[in-house]
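Based on the provided sequences and hints, a complete structural model is requested.
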Amino acid sequence: MADAASQAQSAVESSGADGAGGSGGAGGSDGSRATSRASKSKAPKKPGVMMQLEDLVIRPPRACYSTSSDLLGGPPAPGVGCALFVLGGRAFCRVDREVPNERGERLHLSYYHPAWFGHKSTQQLPAVIYAHGNSGCRCDANDVAALLLPQNICVVALDFAGSGKSDGEYVTLGAREMADLGIAKEWLMRRGRTSCVGLWGRSMGSVASLLYARRDPSVAGLVLDSVFSRLQDVAMELVRSSAPKMPGALTRSALWFMRRGIRRRAGFDINELDALSAAAEAWIPALFLHGLDDTMIAKHHSEKVHAAYSGDKNLILFEGDHNDMRPQFAKDSASIFWYNTLRPPSRIEGEVEGCAPHAKDLLYYAELMEVMSADERRKRGSSSAAVTEQQVRQAVGSSAEERVAVSMPKLFGMERLARDMRRHADTADDTRNTELAGVDADGFAADNGDADA
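For the sequence shown, position 371 matches number 371 in full-length UniProt numbering, and the numbering has no gaps at all.
These aren't lab readings, by the way, just hints derived from the structure by calculation. Be careful, since some hints might not be right.
To be verified - Quick list of simulated restraints, FRET-style, between CB atoms: (1) Thr251 to Gln328: 37 to 45 Å; (2) Glu169 to Pro78: 30 to 38 Å; (3) Gly74 to Met246: 45 to 53 Å; (4) Gly74 to Asn271: 40 to 48 Å; (5) Gln52 to Ser195: 44 to 52 Å; (6) Pro78 to Glu281: 48 to 56 Å; (7) Gly74 to Met325: 18 to 26 Å; (8) Glu98 to Gly48: 34 to 42 Å; (9) Glu169 to Met246: 23 to 31 Å.
Stated by the list, open to error - Derived pair list, reagent style DSSO-like, types lysine-lysine, alpha-carbon separation capped at 30 Å: (10) Lys299 to Lys313; (11) Lys313 to Lys185; (12) Lys165 to Lys185; (13) Lys304 to Lys185; (14) Lys331 to Lys185; (15) Lys304 to Lys245; (16) Lys245 to Lys299; (17) Lys304 to Lys331.
Even for Gly, the Cβ is constructed at its ideal location relative to N, Cα and C.
See the structure below:
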């Protein structure tokens, strides 16, 4: 308020000075005064105090990042269509997609899964959708993906509308974000490879997750990090922290103007965002996390929501502020929670263990063989004649090394890749050789007793 008064005083003084110069007649010509007025009219208008408070809620700084360097896995691998990376000696993939929400805005999301998942198998895996905070993006899920993927739990990370690379101008602290979560879940379930879905939210994302879980009981579990109880309470705390000496009546008045401005600009009412009411109607298992030193959303918010929650619940408090890295024991607690809640399988069907360094070539080979349907063979033959099924079988051979190193140059003339595959075959360990002994003609582990040996 003091800054606003000083700005107003400065504006009055400057306007008075301009009037004095103009009345003298010798201060400059009419042309110079017109130019001065034109330059002033083009100057950007600095937002007022109330608009700055509103921006803290609905238009915080937008996260900027590169999909090639800031997302787990880096840029997509040539010829594979996804980013490949290694965690704990195993190969994993990241697939980037754009999906429209119900308002026609494009949402950018990333789907992380084991590299061998989905190849010639009907196995289903559980998944967790990560929901970021109001100034976050899908990059915030890197740690979550690194934590859950080794447990065979897939991860979906999305940019909410108004955040990251997604369309939209404003964030709504959960009011519309819960619908975006529904879009991501629907996209995931349409793939037909997901057994169950959990939600992991932080700050705004935790409220969106809780609000969505109330209306969708199929959600398997919740991890709610730094949840707030009511948005109007958070707004009141923001006003009080920015102007601690402001009288209570003025604080309530400022909150009223702030509420009106947010409703006018973003189209939602902050008084209607009530996580406490949603908690009383939610029954799925939930784990609450909150930093003891959180200066943005005090820990009493999580304590209130935890107390009101109707389902199985646990609350973990730890040292740290709102945006600090979470301690390892908090991550371990979340990992155990998801393992007990989602019950992921211990292994991936068809996964070739011990071959993570060769995953890109093996997956490329598998993908090429998989697309060779009857129609595709006529298009991809090495000569003008169509490649028949018998020719494919003859080219592939009987041993794993022959399939990898011989079939591809015969069918596609890919000599360099064949040399790489021969080198990989020579340097692969005994575990990989044992697994590859059961690879079928399509490049995937056969379903027999030897594959489990």
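Cross-check of the supplied hints:
no.	hint	in the structure
1	Thr251 to Gln328: 37 to 45 Å	holds (40 Å)
2	Glu169 to Pro78: 30 to 38 Å	holds (36 Å)
3	Gly74 to Met246: 45 to 53 Å	holds (49 Å)
4	Gly74 to Asn271: 40 to 48 Å	holds (44 Å)
5	Gln52 to Ser195: 44 to 52 Å	holds (46 Å)
6	Pro78 to Glu281: 48 to 56 Å	holds (49 Å)
7	Gly74 to Met325: 18 to 26 Å	holds (22 Å)
8	Glu98 to Gly48: 34 to 42 Å	holds (36 Å)
9	Glu169 to Met246: 23 to 31 Å	holds (29 Å)
10	Lys299 to Lys313	holds (16 Å)
11	Lys313 to Lys185	holds (23 Å)
12	Lys165 to Lys185	holds (19 Å)
13	Lys304 to Lys185	holds (28 Å)
14	Lys331 to Lys185	holds (23 Å)
15	Lys304 to Lys245	holds (27 Å)
16	Lys245 to Lys299	holds (23 Å)
17	Lys304 to Lys331	holds (22 Å)
The structure is consistent with each of the numbered hints, conforming to all of them.
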